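Top line first, the protein sequences correspond to chains B and S.
FYI, the numbering for the first sequence is 1 to 313, going by the working numbering.
FYI, the numbering for the second sequence is 314 to 626, going by the working numbering.
One or more hints might be untrue.
[Unchecked claim] Stretch by stretch, here's where chain B covers chain S in the computed footprint (C-beta under 8 Å, at least three residues):
(1) 349-355
(2) 362-373
(3) 386-399
(4) 411-418
(5) 429-441
(6) 554-567
[Unchecked claim] Per label pair, the in silico range of CB-to-CB distance:
(7) S:Asn611 / B:Glu112: 27 to 37 Å
(8) S:Ala584 / B:Glu224: 49 to 59 Å
(9) S:Asp440 / B:Gly242: 53 to 63 Å
(10) B:Trp306 / S:Asp410: 19 to 29 Å
(11) B:Trp306 / S:Pro346: 23 to 33 Å
(12) B:His307 / S:Asp440: 20 to 30 Å
(13) S:Pro494 / B:Ala12: 29 to 39 Å
(14) B:Thr180 / S:Trp619: 46 to 56 Å
(15) S:Arg490 / B:Val93: 49 to 59 Å
[Claimed, not checked] Which residues of chain S face chain B? A few of them, derived with a C-beta cut under 8 Å, are:
(16) Ile338
(17) Ser403
(18) Val444
(19) Asn446
(20) Asp575
FYI, nobody ran anything at the bench for these hints, they're computed from the structure.
Remember, it's a predicted structure, so these values are computed and weren't measured experimentally.
Even glycine gets a Cβ: it sits at the ideal position worked out from N, Cα and C.
2 protein chains.
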Amino acid sequence: MTEFGFIEQIAARFAALPANGFEGIGDDCAVLPIGNREALLFTTDLLTEGVHFLRAATSARELGRKSLAVNLSDVAAMGGRPVATLLSLSLPVDTTDDWAVEFMEGYRELSERFGVALVGGDTTRSDSSIVINVTAIGRAETSHIKRRSDARAGDTIFVSGELGASGAGLADLLAGRYDTPLAAIHRNPQPQVAEGLWLGTRPEVHAMMDLSDGLASDIRHLLERSHCGAELDTERIPCAAGADLRQAVCGGEDYKLLLTADAAHSEQLAADYRARFGAPLYAVGRITDGGGLVWRENGRPIAPSWHGFRHFD
Amino acid sequence: MTEFGFIEQIAARFAALPANGFEGIGDDCAVLPIGNREALLFTTDLLTEGVHFLRAATSARELGRKSLAVNLSDVAAMGGRPVATLLSLSLPVDTTDDWAVEFMEGYRELSERFGVALVGGDTTRSDSSIVINVTAIGRAETSHIKRRSDARAGDTIFVSGELGASGAGLADLLAGRYDTPLAAIHRNPQPQVAEGLWLGTRPEVHAMMDLSDGLASDIRHLLERSHCGAELDTERIPCAAGADLRQAVCGGEDYKLLLTADAAHSEQLAADYRARFGAPLYAVGRITDGGGLVWRENGRPIAPSWHGFRHFD
């Protein structure tokens, strides 16, 4: 059973329950309006050893940072400010105290960098592998929240950074090359918290999500939720140094932002973004009324066999 | 490293971070006031196969219910109403689709019974055992929230139900007797959501928490947080049918409530509770100014070697 198939089953099974003020499943975070034009955002991610990481290929400190980073990215992707997390940690008996302390130090480092409190958690013994679950809570003005469902035909599609470095780094790790710069990028994702917050304030930004499974996979979720199609220009996709186009499109865990913006204001948006962050927003395509997802190479439609990212399975 | 030792280390390490409006670690839930005399409550629990449950000894449906129940109990223990959960599920490849569907059906059953929405989650493959993490979100009037830290000298100590059935059921399970009534109780905890909400409205109730690790262990956390001592009368501890006193005191996972109340109003409280729920509140002792925890048997101090509950390790 695929993850998305299972989630669809879950959603159907729980649709009859009261929403209690929450917006339903389908975005990077759940949304709870709390009055005074504010809302809280909630997201959770489970990382398991052997599937999401290899203990030999990452330091405890890096893993502590990464466990938090992937959740902060989900909050940023909706235009929210992360404020707190709850951390569950299941450690096998062969994990040392030093490992646990280093893990927490990494978690603390990134919490401090983004001003996020740790407000709860659970620690247990595991009889097999390391398991980490983080729930992140964000806060946003309701008018700043961006969803996957708000892309409109004609929108420019942007990505907020170069892609593929994490995927290329994963290829290094899988080949046993743990010490390459790309492998380090894979182990140390940088959530675009300030960028997401800033993009949240811009009304010309319509839809937004983070790139965790790879552009080829993530764009499909955005299109499904927005009931739109898209054309993507492969020659405009920014490949990170050391990554090829396939890694940029199919590699996961880049944790850059994918967004769509009103075409009439997208040049100004990109200029303002560059002025604010000293880095470009990359226009990689446009939203269409329908017709599914079309990849183009210098204007000609192509039919690549690209699919989303899978972890160590 | 014990769980509580580790949590203390964590708390110290994160104390310098901004609280962002949250009350710190130490109660059954974190508390976030959201204005209009309301607050949100947050709790998380991680269940791992082989430590918290044995796959052969529980049905998937029971496990679905239990994963949710233990979190609802934490919300109830603070006087809150559970409103939503996020569920992370890591399943090994030898878990069948039927197992996953049954698990979700159990989770849905209890969600429906308590009117709780499922607002997010994560499903992944596991390379070893089943792992379940639930984060529950509750809502409460700020004046109704009960904490561990508010016990006062002279308070009557109550428990909200008979104890030990779950511990006795665990003994059955560990002996390979899966089909006994006590084993069924262990697998099917009933969170006292209505009871916790009602007790939250009563100002004479000072401190409250749920009994997850066993009275002998849980009372110590309450006393530490309240800077008090206590006398407990062993002959007044309500042992469930089939359970002995040791199981009632040391067995975990009963998920009844432990509370302290102003002695001047505690008879009225117990009478009102009985009128409302058709069941007694059991007075088992009193809070003292200091002197630690004293167990008494018919008035005489005794020195039992009782300790808290541990799971399958």
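A quick look at each hint next to the structure:
no. : hint                            : verdict
1   : 349-355                         : holds (count 3)
2   : 362-373                         : holds (count 4)
3   : 386-399                         : holds (count 3)
4   : 411-418                         : holds (count 4)
5   : 429-441                         : holds (count 13)
6   : 554-567                         : violated (count 0)
7   : S:Asn611 / B:Glu112: 27 to 37 Å : violated, 55 Å
8   : S:Ala584 / B:Glu224: 49 to 59 Å : holds, 57 Å
9   : S:Asp440 / B:Gly242: 53 to 63 Å : violated, 29 Å
10  : B:Trp306 / S:Asp410: 19 to 29 Å : holds, 27 Å
11  : B:Trp306 / S:Pro346: 23 to 33 Å : violated, 47 Å
12  : B:His307 / S:Asp440: 20 to 30 Å : holds, 22 Å
13  : S:Pro494 / B:Ala12: 29 to 39 Å  : holds, 35 Å
14  : B:Thr180 / S:Trp619: 46 to 56 Å : holds, 55 Å
15  : S:Arg490 / B:Val93: 49 to 59 Å  : violated, 28 Å
16  : Ile338                          : holds, 6 Å
17  : Ser403                          : holds, 5 Å
18  : Val444                          : holds, 5 Å
19  : Asn446                          : holds, 4 Å
20  : Asp575                          : violated, 29 Å
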